[in-house]
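Engineer: Fit chain B to the given chain A structure using the hints.
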Amino acid sequence: MPFEWLVAIRYLREGRVQSLLILAGMAVGVGVIVFLSALISGLQVSLIDRTLGTQAHIVLRRPDEMPRPLLERDGPVDVTSHVERPAQRLRSILQWQQMIDSVERVPGVLALTPTVTGAAFARQGSANRAVLVRGVEPAGFARIIDVSSKVIAGRFDVAGTDAVIGSELANAFGLTVGDKLRLSAADDRSDVFTIRGIFDIGNKDANERWVFVSLRSAQTLLDLVGGVSTIEVKVADIFSAESIAGQLSARTGLEADSWMKTNTQLLVGLRSQNSSSYMIQVFVIIAVALGIASVLVVSVVQKSREIGILKAIGTPTRRIIRIFLIEGALVGLAGSVLGVALGAVLALFFSRLATNPDGSATFPVDLNLALFLRASIIATVTGVAAAVAPAHRAARLNPVDVIRYG
Amino acid sequence: MDDHLLQLENVTKDYGDRVITRVLHGISFTLAPGEFTALIGPSGSGKSTLLHLLGLLDRPTSGRILLRGCDTGELGQRTLGRFRGHTIGFVFQFHHLLPAFTAAENVMMPILADRGRPDDEMRRRAAGLLERVGLSDRLHSRVTELSGGQQQRVAVARALAMTPALVLADEPTGNLDTQSGDQVFALLRHFNREQGTAFLIVTHDPRLAARCDRVIELVDGRITSDRAGAAARTHAPSS
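If you read the protein sequences in the order shown, they are chains A and B. With my numbering applied, the first sequence corresponds to residues 32 to 437, in that order. With my numbering applied, the second sequence corresponds to residues 374 to 612, in that order.
Please keep in mind that the hints were generated in silico from the structure rather than gathered at the bench. In this text, all values refer to a predicted model and were calculated from it rather than measured experimentally. Built from N, CA and C at the ideal position, the CB exists for glycine as well. Incorrect hints may have been included.
As the list claims (entries may be wrong) - Covered stretches of chain B (in silico footprint by chain A; criterion: 3 or more residues with CB under 8 Å from a CB of chain A, positions within the stretch not fixed):
#1 424-432
#2 454-465
#3 487-498
As the list claims (entries may be wrong) - Short, incomplete list of chain B residues facing chain A, as computed with Cβ under 8 Å:
#4 Leu448
#5 Arg451
#6 His469
#7 Ala473
#8 Phe474
#9 Met482
#10 Pro483
Unchecked claim - Have a look at the derived ranges for each label pair, beta carbon to beta carbon:
#11 B:Gly449 / A:Phe270: 47 to 57 Å
#12 B:Thr452 / A:Phe270: 23 to 33 Å
#13 B:Thr536 / A:Val376: 49 to 59 Å
#14 B:Glu504 / A:Asp432: 27 to 37 Å
The following block holds chain A by itself, in its conformation from the complex:
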């Protein structure tokens, strides 16, 4: 073992109480960091998962229809005009097959699927409910929103005139798999569908209003034969959805809404949660570093005689400095191992406390290797940084002083 390591380890073992104090401080600090990070990222992952469980990362649709005034307001002729915004009809994306080809080539896009979405009424006897007809290609759509795994009866199958409805709608109409449901749209177009599955997607509005049918049935029902109203896109990195949406919009001329835009409140909430968590972590690190530094300074003072001897017998100053930096790094590393264990236990304990009625955790704590590594690196760097001042103090000791006064 190199000289510096030998001396550092021996001194740590020798100063048992001090080493334990530093270790405990470090462990508590790292524990707080691990616990907090696990809790917050677990919470955020589950919030985002829930949000994105019912919506595509990016939705492309045709821009709103706007009237084009024949005379410009700032033109040479002075006119007063009132431009009235027209009511928006359901219109198909023009040349949507080519659009799909070009969207597919944008880097970061994982999957996409055309859908036809429009309003209709579900009728059952004299009961009448507004629903959202979603015409999809089941295979393609499954890659955007995973409905199949949330089907509670039957299966997700919308071939021909089959439909899949939400649990709330099924309850309201008393429908089960195999029953028929009439959907009517504008201009008295209507069709009867056979219910093949019932889903519970965890969102009451969707459970009440969504009716999945085949793309072709929706096109017929909504008078959009051969067309699609939206293209739904899934991206690899959910947090780059907004910038990819910008690219898609520029490339296709369509309006692109990312989940980040439609959930601004959620994102603002997550960001402020993140920044407050970082603040707490930074202050914890500073407090731990100060604690370690002060204990190490005391140990330098206590060991000044031995440091003087080491210098007198020819130990170079750089080796003296290294001894203390190694001590800092070692307590940082050892403290982080203890702290990771402490934080993990705390986080798991906490997730047991907050449970759903069925006993599962309300949100899973996110304990992963990257978090542990990050905490360990922070702790080790903090340990070394905290040891810098004490190490230089030791390096400045004059051996003559300590030898003369014993």
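Structural biologist: Showing chain B alone in chain A's frame:
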């Protein structure tokens, strides 16, 4: 080739920033290789200060100190430290061993601090030296478990670890009973005769001084006498 081991030319040392106290006034003398010298003088005469200057632990206010013909005032702190480590060994009054380490580790510490990594050769050297000072059975004892005489013998072994040309000893027997003190002194003499190591021993004890080859007396920061010791007179014909 300069045959002086250590040469002091008009060395002075002042202490204090505002009120300057001159502790050493123009000291000049030389030490030859293999010389066994006593430095005596009353308390406060500047013996320890002189020893620290000789040991290159401190720098003089004026004057030159030449170690093997090399002006130490011109060396940088780092080179000086290395030079010191390889040329000069120390035995301090309060043994100054490292309590966290065993006897063997203490002895090999100067070599380890110089080379950075332990090897079998330095382990063998430490064991050999401890055997020579009669502690072969205490190799792996913590130095805190040893008696005062044993600790001082470990300190002697440590001073010799780097095979220095000169060993400076500050009252090496000052805190020991007569018997242990005699043992330690005999060891110093033994290494001097056997390996030709030069020794400069600061002592209060006229009995010990008398057993050295040369006695330098320091009073109030000046050398008042520099004479051959009783031992030199007896041994002169043989050496």
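Engineer: Now tell me, hint by hint, if it's right for this structure.
Structural biologist: Hint-by-hint comparison with the structure:
1. 424-432: Result for this restraint: holds, n = 4.
2. 454-465: Holds: 7 residues of the segment 454-465 of chain B have a Cβ under 8 Å from chain A.
3. 487-498: Contact hint for the segment 487-498 of chain B vs chain A: holds, 5 residues under 8 Å.
4. Leu448: Violated, because the Cβ-Cβ distance from leucine 448 of chain B to chain A comes to roughly 14 Å (cut-off 8 Å).
5. Arg451: At 7 Å from the nearest chain A Cβ, arginine 451 of chain B passes the 8 Å test, so the hint holds.
6. His469: holds (5 Å)
7. Ala473: Holds, about 4 Å.
8. Phe474: holds (6 Å)
9. Met482: With Cβ-Cβ at 6 Å, under 8 Å, it holds.
10. Pro483: holds (4 Å)
11. B:Gly449 / A:Phe270: 47 to 57 Å: This hint holds: roughly 55 Å between Cβ atoms.
12. B:Thr452 / A:Phe270: 23 to 33 Å: At roughly 57 Å between Cβ atoms, phenylalanine 270 of chain A and threonine 452 of chain B fall outside 23 to 33 Å, so the hint is violated.
13. B:Thr536 / A:Val376: 49 to 59 Å: Hint holds: Cβ distance 56 Å, inside 49 to 59 Å.
14. B:Glu504 / A:Asp432: 27 to 37 Å: With a Cβ separation near 34 Å, glutamate 504 of chain B and aspartate 432 of chain A satisfy 27 to 37 Å, so the hint holds.
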